[in-house]
Structure formats: structure tokens, C-alpha cells
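Below, each chain spelled out in residue letters.
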Amino acid sequence: MGENLGYALVQIAHNFGAVAVLGGAIFARWPTPATRQSGRRIARLVLAGWIIQIASGIGFGAASYFYYGRLPDIHGLAVAALFVKIGCAITGVVLTAVYLKREPDWADTQRGNSWIALALLAALALTAAAFLRWFS
Amino acid sequence: MKKKIAALGALFVSLGLVSAAYAQTGSVKILSPADGAKLDAFEQNHVRYEVVPGPNADHVHLYVDGKETAILRGLKGSHALETLAPGKHELCVKVVNKAHVPIGVEQCITAQVE
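Chains A and B are the protein sequences, given in the same order.
In this note's numbering, each residue's number is its place in the first sequence (first place is 1) plus 16.
In this note's numbering, each residue's number is its place in the second sequence (first place is 1) plus 39.
No lab work stands behind these hints: they were computed from the structure.
This structure is a prediction, so every number in the text was calculated from the model and none was measured.
Backbone N, C-alpha and C fix where the C-beta goes; we use that ideal spot for every residue, glycine too.
Please note: incorrect hints may appear among the correct ones.
[Unchecked claim] Have a look at the derived ranges for each label pair, beta carbon to beta carbon: (1) A/ARG57 - B/THR122: 56 to 64 Å; (2) A/ARG60 - B/GLY113: 44 to 52 Å; (3) A/ASN31 - B/LYS127: 41 to 49 Å; (4) A/ALA113 - B/GLN151: 54 to 62 Å.
[To be verified] When the alpha-carbon atoms are kept at most 25 Å apart in a straight line, the in silico SDA-like pairs for lysine to any residue are as follows: (5) B/LYS137 - A/LEU21; (6) B/LYS106 - A/TYR84; (7) B/LYS106 - A/ILE102; (8) B/LYS137 - A/LEU140; (9) B/LYS137 - A/ALA71; (10) B/LYS127 - B/ALA96; (11) B/LYS137 - A/ASN20; (12) B/LYS68 - A/LEU21; (13) B/LYS127 - A/HIS91; (14) B/LYS137 - A/VAL95; (15) B/LYS106 - A/ALA71; (16) B/LYS106 - A/ARG149; (17) B/LYS137 - A/ILE74; (18) B/LYS137 - A/LEU98; (19) B/LYS106 - A/TYR83; (20) B/LYS68 - B/THR149; (21) B/LYS137 - A/GLY92; (22) B/LYS137 - A/LEU93.
[As the list claims (entries may be wrong)] Quick partial rundown of chain A residues pointing at chain B, CB under 10 Å, derived from the structure: (23) SER80; (24) ASP89; (25) ALA139.
So that you can see chain A by itself, here it is in the shape it has in the complex (with noise of 0.2 Å):
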């Protein structure tokens, strides 16, 4: 009870991180692309979103060494999983950040470039999670 509790709030955590990095990265392009105002306040959604599947990712071991004193047990592919989402969430980190200090100087079209690039990152991460969760 205690042990699933924990987990599916760390789930819950991870999923709705999912959603901001994918969805608001994907919201700042179409229908229409954002506004510099409204972009900046994706921008800092999206950021949140990263960070939260970083630290929820941690939880998901914590969570296993708090109930069996160790960490999951994942080989081959699945480590290889692991390590694409690891770099998709501190490059998508990395590359919001440097979106919100250096945005005002930018063109639309580098801005456009960047949420092409983050939604294609948290697409990857997606894709790499569900690697991750079957082949392990």
C-alpha cells in the first residue's frame, strides 16, 4: 500500500513533467507561434518540467532504495534508456535556460529553432521512457 502510494506519486510527478516539456514546447509552435512574452512564460514552464522529471527520476530511485535498499535492477538496453533520458533532461535544462537569458537578442527564427529543438528532445525522452520501462 505504502510502497505503491510512493511510487505512483512519483509517477504522477513524472507524467505531468512529461507533459509540460512535450506539450509546451510543442503549444510555443502551433497552432501559432507564441508571443516573446507568452514564449518566455512557456519557456519557464517547460524549464519547471525538465527539472521535475530530473528530480522525479531521482524519486523513482529513491523510492526503490527507500523500500528495498537498492536501486532498479535495468541491463543493456534499458541502461541505455536511462542514460538517453538522463541527456535529454539536462540538455532540455541546459537549453531553456540559455533561452531565457539570451532570448530577448534572438530572431524568430532562432526561437522558433529552439522549441523545434526542445519538443524533439522530450519527444526523444518519451520515446527512450518507454524503452526503458519494457526492456528491463
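Keeping the supplied structure of chain A fixed, place chain B upon it in accordance with the hints.
Chain B only, in chain A's frame:
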């Protein structure tokens, strides 16, 4: 207020006891090879197993010499082993939870490959 806290505490203790009782119901049996069995290095060897998962269980991992070599989705079945080098090997079947953490329901045997 104190009564509510006491009732809540009792509820958690009860849930813990129920969980503990359920936890003892999980089991793993490696039906073959038998512990200490001799296997032919040139044969296709199989592990036959039977699992009663218990609570918090999700799926089963097969380990050869401590390394995960297969994910077993069925609770009962047979799995073909990869070619094993001659020598002593440890085979383990462990029940894991949704986060892929072994939950302590497992059986390990050793086999001599010749």
C-alpha cells in the same frame, strides 16, 4: 482528535500487517535444472520455473552469474539459456516490482556446465 490519530495509526499498522502477510505468499521454484545439476555445454539448456508473485510483484528477471539475461513475463514456463561456458554457473529467478527492483521473492541454483 487523538482518537482520529489513533484510528489512523491502527489503520496503517493493519495495512502493514496485511501487506506483510501477503508478502509471505510469494514464491519462486526453479523446476529444472536441479541445484547442482550437470549441463552439457553443447546442448540447448532451458530453465523451467514457476512463480507465485505475491504483492508488489510485476514481472520476473532471470540472472546468470548475477547478470540479468532475460525478462520473464509469464508466471510459469521455460526459457532457453544462452550458451554457457564450461564451469560452475549461478542461475537465479527473481520477482521484481514495476520499478524493476527485486522484492526478495527469488530462487537461485548452481549448475555445472561440462
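Hints, verified against the model:
1. At about 58 Å, the beta-carbon gap between A/ARG57 and B/THR122 stays in the expected band of 56 to 64 Å.
2. At roughly 47 Å, the beta-carbon separation of A/ARG60 and B/GLY113 lies within the given 44 to 52 Å, and the hint holds.
3. Our hint of 41 to 49 Å for A/ASN31 and B/LYS127 holds, since their Cβ atoms are close to 45 Å apart.
4. Separated by about 57 Å at the C-beta atoms, A/ALA113 and B/GLN151 satisfy the suggested range of 54 to 62 Å.
5. The hinted pair formed by B/LYS137 and A/LEU21 meets the criterion: a straight-line CA distance of about 13 Å does not exceed 25 Å.
6. At most 25 Å may separate the alpha-carbon atoms for a hinted pair to count; B/LYS106 and A/TYR84 meet this at roughly 19 Å.
7. For the given pair, B/LYS106 sits about 23 Å from A/ILE102 by alpha-carbon distance, which is consistent with the 25 Å threshold.
8. With a C-alpha separation of about 22 Å, the suggested pair B/LYS137 and A/LEU140 falls inside the 25 Å cut-off, and the hint holds.
9. Proximity of B/LYS137 to A/ALA71 is assessed by CA-CA distance (about 19 Å); at most 25 Å being required, the pair is judged to hold.
10. Between B/LYS127 and B/ALA96 the CA atoms are separated by roughly 30 Å; this puts the pair beyond 25 Å, and the hint is violated.
11. Restraint check: the Cα-Cα separation between B/LYS137 and A/ASN20 comes to about 9 Å, which is no more than 25 Å; the hinted pair holds.
12. Straight-line distance between C-alpha atoms of B/LYS68 and A/LEU21 comes to about 29 Å, which puts the hinted pair past the 25 Å bound.
13. The suggested pairing of B/LYS127 with A/HIS91 holds, with an alpha-carbon distance near 22 Å, which does not exceed 25 Å.
14. With a C-alpha separation of about 16 Å, the suggested pair B/LYS137 and A/VAL95 falls inside the 25 Å cut-off, and the hint holds.
15. Taking the CA atoms of B/LYS106 and A/ALA71, the gap is about 28 Å. The hint is violated against a cut of 25 Å.
16. Restraint check: the Cα-Cα separation between B/LYS106 and A/ARG149 comes to about 18 Å, which is no more than 25 Å; the hinted pair holds.
17. This hinted pair checks out: B/LYS137 and A/ILE74 have alpha carbons roughly 16 Å apart, not beyond 25 Å.
18. At roughly 15 Å between alpha-carbon atoms, B/LYS137 and A/LEU98 fall within 25 Å of each other, so this suggested pair holds.
19. For the proposed pair B/LYS106 and A/TYR83, the alpha carbon gap of about 22 Å is at most 25 Å, so the pair holds.
20. Between the alpha carbons of B/LYS68 and B/THR149 the distance comes to roughly 14 Å, so the proposed pair stays at or under 25 Å and holds.
21. Note on B/LYS137 and A/GLY92: the hinted pairing holds, with a Cα-Cα distance of about 18 Å set against a maximum of 25 Å.
22. Restraint check for B/LYS137 and A/LEU93: satisfied, since their Cα atoms lie roughly 17 Å apart, inside the 25 Å limit.
23. The closest approach between the C-beta of A/SER80 and any C-beta of chain B is roughly 4 Å, which is under the 10 Å cut-off, so the hint is satisfied.
24. The restraint placing A/ASP89 at the interface with chain B holds, with a minimum CB-CB distance near 5 Å, inside the 10 Å limit.
25. Evaluation of the A/ALA139 hint against chain B yields a violated restraint, the C-beta minimum of about 24 Å exceeding 10 Å.
Violation of the numbered hints given earlier is confined to hints 10, 12, 15, 25; the remaining hints are satisfied by the structure.
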